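A.B. asks: Here the protein sequences line up with chains X and H, keeping their order. Quick note: the first sequence, position 127, residue 126 per numbering that gives the first Met the number 0, numbers continuous. Quick note: the second sequence, position 298, residue 297 per numbering that gives the first Met the number 0, numbers continuous.
Treat each hint with caution, since some may be false.
No copy is singled out in the list; a pair is fine if it fits within one copy or between any two copies.
[Stated by the list, open to error] With a Cα cut of at most 25 Å, we get these calculated SDA-like pairs of lysine to any residue:
1. K410 with A271
2. K51 with K214
3. K252 with E148
4. K90 with L379
5. K90 with Y55
6. K27 with D289
7. K415 with Q299
8. K41 with T422
9. K67 with L233
10. K334 with E24
I should point out that these hints are in silico values taken from the structure, not numbers from a laboratory. Values in this document were obtained by computation on a predicted structure and should not be read as measured data.
Residue-level listing of the chains:
2 protein chains.
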Amino acid sequence: MEKNYINVGLIGYGTVGKGVVKILEEKKNIVLRKIGKPIRIKSICDLSPIDKPELYVKNFKDIIKDPKIDLIVELIGGYEPARTIITESLKAGKNVVSANKAALAKYWDQIFTTAQIYQKAIYYEASVGGVIPVVQGLSEGLASEEILEIKGILNGTTNFILSEMKKHCVSYEEALKSAQEAGYAEADPSFDVNGIDTANKLAILASLAWGSWVKVKNISVIKGIADLDIEDILITREFGYDVKLIGSAQKTKDGIDLSVQPCLVTHEHAFATVENEYNAIMITGKDSGDVLFYGKGAGQLPAASAVVSDIINLSKSIVTNTAGIVPDVVYDSMKKIKIIPAGKSKAPYYLRFAVLDRPNVLSKISGILSEFKVSIARSLAQFNINKKDYGKIAIITHETCSENLEKALKKINATKSITKSKTVKIKIEI
Amino acid sequence: MEKNYINVGLIGYGTVGKGVVKILEEKKNIVLRKIGKPIRIKSICDLSPIDKPELYVKNFKDIIKDPKIDLIVELIGGYEPARTIITESLKAGKNVVSANKAALAKYWDQIFTTAQIYQKAIYYEASVGGVIPVVQGLSEGLASEEILEIKGILNGTTNFILSEMKKHCVSYEEALKSAQEAGYAEADPSFDVNGIDTANKLAILASLAWGSWVKVKNISVIKGIADLDIEDILITREFGYDVKLIGSAQKTKDGIDLSVQPCLVTHEHAFATVENEYNAIMITGKDSGDVLFYGKGAGQLPAASAVVSDIINLSKSIVTNTAGIVPDVVYDSMKKIKIIPAGKSKAPYYLRFAVLDRPNVLSKISGILSEFKVSIARSLAQFNINKKDYGKIAIITHETCSENLEKALKKINATKSITKSKTVKIKIEI
């Protein structure tokens, strides 16, 4: 490349896009030292006109077909036209930086096959874990590893809400309101709180770890935090646990076991200290053992910082004309990996039952659990003095097969000792 | 590069070297998928003959001048001939992977100037933090960041010893023996326990963070753990702290403040959960905020895994003939950075005095401290019932200038209330 600049086309000028422009302006010297040439934002595309009219381009296709542009940054999010922008940019010979976990998880096959065919690179560090360099850590830092397990707190919004609930003993609804006021939750927080965002990120990490496309639909359990009761957060704290929304991918002899759900971690677990908008990812390799990455998973500048780092690192190989020649993502569309179906995974659980009559209800419940080979590690029963016929029973089980547990719960819930209010079940991470 | 192999020459066939050969053999498929060509160990140099006689080379110079070798892995450690091997390899047009923190810290200028002149690359992930990809995290993952602070538990041996002392309430000497038996401390553990190893690693991270050579002699305090008393570990635990050996580099308006010393961290601090041979590094960037990396800092396979990851990542650019063209380490030998001299840094401290007479000793000590503007946050006095004239006074100070504190301690130690046994001073990390 004989040019004096790396020319960047930016598509999507929202919070993160503005942060990227700001950081690139502020860090001109750092950029120059790192890659030997300046990076120039040549065009910015957005739905509506922007505060830099000289750079404004209305149609993203004009950026993709601009022969002077070396690198396209896609920051619009969502599935379409993001997919089109990414794949058409690669086809047009551009390298791409994206923060789009939804499109990457859904179109992994198409995106990385296109990148391989056209020998172009796509970097996407900001799509998982905000500012935490976990994509690079997994694909390069642990390049030699056989990955055994990935576990992560991958969504800043839900972690903020869970921290608020715990800290102030408030309901999910109240904590969500605080998160919205603090700018950590959107007006419609569905994708964050229902676990889909975590599932997208887990699919990306798993695809990267095992060199095959792990789809969101391969994740056997996707459960969010919206129906978490503050009561369970308080009871489990007594048992020595914190509640976290955890995406988990585990390689077992039978295949990969994937889930996204609220889980209990002990106060001594590294995840227990991860509060507010922070994320953490624990990667376990055969030779490396546990490696933990931790940092801000949300916020304008942390996300923009990760995007700019991608721009810098990708520009280094643009300068030598080698971006994408050796693919950064190992992906073989023919390689299939076995996925463990729901129900076959094993873990200890926390259970809470709302019970009606006191005399022999605990023996009834424990009898049914034992019938399905679910054994009890600890239990706690509490009955309301004023309402003699109402009470709750909380149980920590030993490790159990989730299928068996489901059958036991079905039978217990059908007995007349149990009130119609739901029985609570939360997995315990060990 | 038209060859079918990446040819590696390995110099140093000790514990880590053997681990590297083992991992490369086991992970042939991963390597092939990542770089498209196999990696072949062509020659191994060691002082004495090895278990692979067909690869054995007695003189490292024969490896350096072998035109077929693309990449030289230096794993002999120490200053010489390691420096010669690294620089002569670069001059001979070889790329280098090294795990040698001592040589890198001491010859940073020469090594990276040579790499720039000869446009070759040197990777050294295993030199800091064992398997933790913190070198790459700092130079690439946080490529866009202005680094404000680096703090780390950087030595697995000392952390193992401190964990043992705390866990079993034993003396330093007993804990060292356990560490030696467990294989985490060498027969002569000096470089680990006196802080030099941590200082080497801190110098490397600081040089990388600020693009200028930070020397070990720039570190104003280098203090090890050999004179730590189990008594202070127990007292400070009562105050809510753990003791860790921390290397710290902080950018202030007056310059970079560097130190290596045992420090107190609260039980809630991320470092408090780092036990045994684990390391952790917290990097604070202007936009990123805190980013933490954690993993095994010692052990054959973790170290070897980091070396093999370097070999793989470096091979990707060897395949495209571009290794070292854009330097991975930004180093400008003309750039000078200001270092804060010892005594000017500020922190709270833990102090323990062995005192002789009870009546007014606390008021005497606090009087002298206040004279030098050292104010007390908490104190604890304890007198031995059987020896009425002997006791100890433990104090947690507010933030104080270390120079002032030194003057106060000098004056206090000169009073006749203080026994001849040493006064203890430990910095508190905030």
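A.B. asks: When Cα atoms must be at most 25 Å apart, do K41 and T422 count as within-copy, between-copy, both, or neither?
C.D. replies: So K41 and T422 fail the 25 Å test inside a copy (57 Å) and across (63 Å) alike.
A.B. asks: At most 25 Å between CA atoms: does that hold for K67 and L233 within a copy, between copies, both, or neither?
C.D. replies: neither (58 Å within a copy, 65 Å between copies)
A.B. asks: Regarding K27 and D289, is the shortest C-alpha distance of 25 Å or less found within a copy, between copies, in both, or in neither?
C.D. replies: between (36 Å within a copy, 22 Å between copies)
A.B. asks: Can you tell me if K252 and E148 fall within 25 Å by alpha carbon in one copy, between copies, both or neither?
C.D. replies: within (12 Å within a copy, 43 Å between copies)
A.B. asks: Is the C-alpha distance from K51 to K214 at most 25 Å within one copy, between copies, in both cases, or in neither?
C.D. replies: So K51 and K214 fail the 25 Å test inside a copy (39 Å) and across (44 Å) alike.
A.B. asks: Is the C-alpha distance from K410 to A271 at most 25 Å within one copy, between copies, in both cases, or in neither?
C.D. replies: Result: close neither inside a copy nor across copies, 33 Å intra and 45 Å inter.
A.B. asks: Under a CA distance limit of 25 Å, which applies to K415 and Q299: within one copy, between copies, both, or neither?
C.D. replies: The answer is neither: 52 Å in one copy and 59 Å across copies each exceed 25 Å.
A.B. asks: When no copy is specified for K90 and L379, does a C-alpha distance of 25 Å or less occur within a copy, between copies, both, or neither?
C.D. replies: neither (61 Å within a copy, 71 Å between copies)
A.B. asks: How would you label the pair K334, E24 (within, between, both, or neither) given a Cα cut-off of 25 Å?
C.D. replies: between (43 Å within a copy, 22 Å between copies)
A.B. asks: Classify it for me, K90 with Y55: is the Cα-Cα distance of at most 25 Å met within a copy, between copies, both or neither?
C.D. replies: within (23 Å within a copy, 48 Å between copies)
Of the hints listed earlier, those the structure fails to meet are numbers 1, 2, 4, 7, 8 and 9, in rising order.
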